[in-house]
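**Q** Using my numbering, the first residue of the sequence shown is number 1, and each one after it goes up by one.
None of these hints come from the bench; they were simulated from the model.
Treat the numbers as computed from the prediction; the structure is a model and nothing was measured.
Ideal placement from N, C-alpha and C gives every residue a C-beta, glycine not left out.
Label pairs and their in silico Cβ distance ranges:
| id | residue 1 | residue 2 | range |
| --- | --- | --- | --- |
| 1 | A170 | D328 | 52 to 58 Å |
| 2 | N299 | K73 | 32 to 38 Å |
| 3 | R17 | V193 | 57 to 63 Å |
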Amino acid sequence: MTNFQAVHANPSWPSSRARFLFRPRREKSDPTDIQLTASQAYGVIPQEKYNELSDTRATAALSGTESFIHVEKDDFVISLRTFEGGIERAWYRGCISPAYTVMMASDKVNPDFFQYLLKSAVFIQTLQTAVTGIRDGKSVRYEQFADLVLPVPGLPTQKQIAAFLDRETARIDDLIAKKERLVAVLTDSRFAVISQAVTVGLDPEAKLVNTGSKYIPRIPAGWRVWRLKHLAHAFGGITLGRKLDPEETTYPTPYLRVANVQAGWLNLSDVAEIEATEKERKRYALKLGDVLMNEGGDNDKLGRGAVWNAPLETCITQNHVFFVRPKDIRFSEWISLATNARYARDFFYLHSNQSTNLASISKTNLERFPIAIPPLEEMQQCLVTLSNRLELTEKTASATKLSIDRLREYRASLITAAVTGQIDVETYGKSGTTSATLDQIEEEMQG
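Given these sequences and hints, build the entire structure.
**A** Right under this line is the structure:
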């Protein structure tokens, strides 16, 4: 007897293999169909609407849609990301690429309920257990999904659970949105304070003089604008995929990528390793006080810098991350701050090579980056004052981000509990459990 992977739920609920709840839709597209796309964030929606919501430039196919699959509203679609993000619900009638599997639901399915179930953490975990060898770029096949055993409570129960989750997740989503707006305000505030500090200083009474620079037009008297090349030496990192002499000994070596270099800080939670020779390790080794700057990536990541404080004994960078070595280590923090100022965004954008979704800046253009340098004693005092001003902002932003993570975790656990019958949604909402949990998360943030 075959044992099928099951989404474990309330034992009093009926269950069914997915093939008896969903079957593939075979109809080809209709000439009147609009082109749809599947996304984890928005479900299956028109390509143009997705472009608006996600701020992308992807275009719909101008021809060849006759091979596309027809989609009806409330169909469900298996996409290339199903193994990690679940199955998407169609919110519109239209057509979609044959790379996707379109499924129509039986009369035992309430789309509102299954919208939650098929994107729940418990469903995704069950799917990943059942389907081995799936990796990025490979789609889950219908046959693999069809043999999963899913909970199928009665339609009235499905409707009740869906209404409960609509209500409760809306509350959580609203709170998350408010907190995300707060983080955005705090980020803008930090950006503005840094931009002021490294261009006109923090003394509102300071006398300003013209510089002739389009990026830093005015600076306090006694300051001077220098190009980066006069303050530091810039170096490129190691190239991935380079050819190595098979006879030469290599060593696993930590290396930093674009994702590790954030605006003013380093994210070392996921540091990759590369095989490097001893010569390469010496050539690319980071030193205390080096300023790491991104050579490529999205425009908001381009050129942004952070100081290396040597938390790892040996570490190098890949070729998409420059390491800039100040001639005087006392300038490291100031250079890093300047790369995160408003004028720096403009400079790096205007001096970059732009492709469809990515940008890059050459070492030559990087070295032309202008930096306003105050007298050393004034610089050090400014750094202390700036650190004090930013401390509360950064502490609040960090606490808010943590509370957002907690809210998302709670949202996911609430959905799983509801769609598997672990909670009685009729009494759960009335008990005030959600409100108490949200209050607790808020208290943790304040603490």
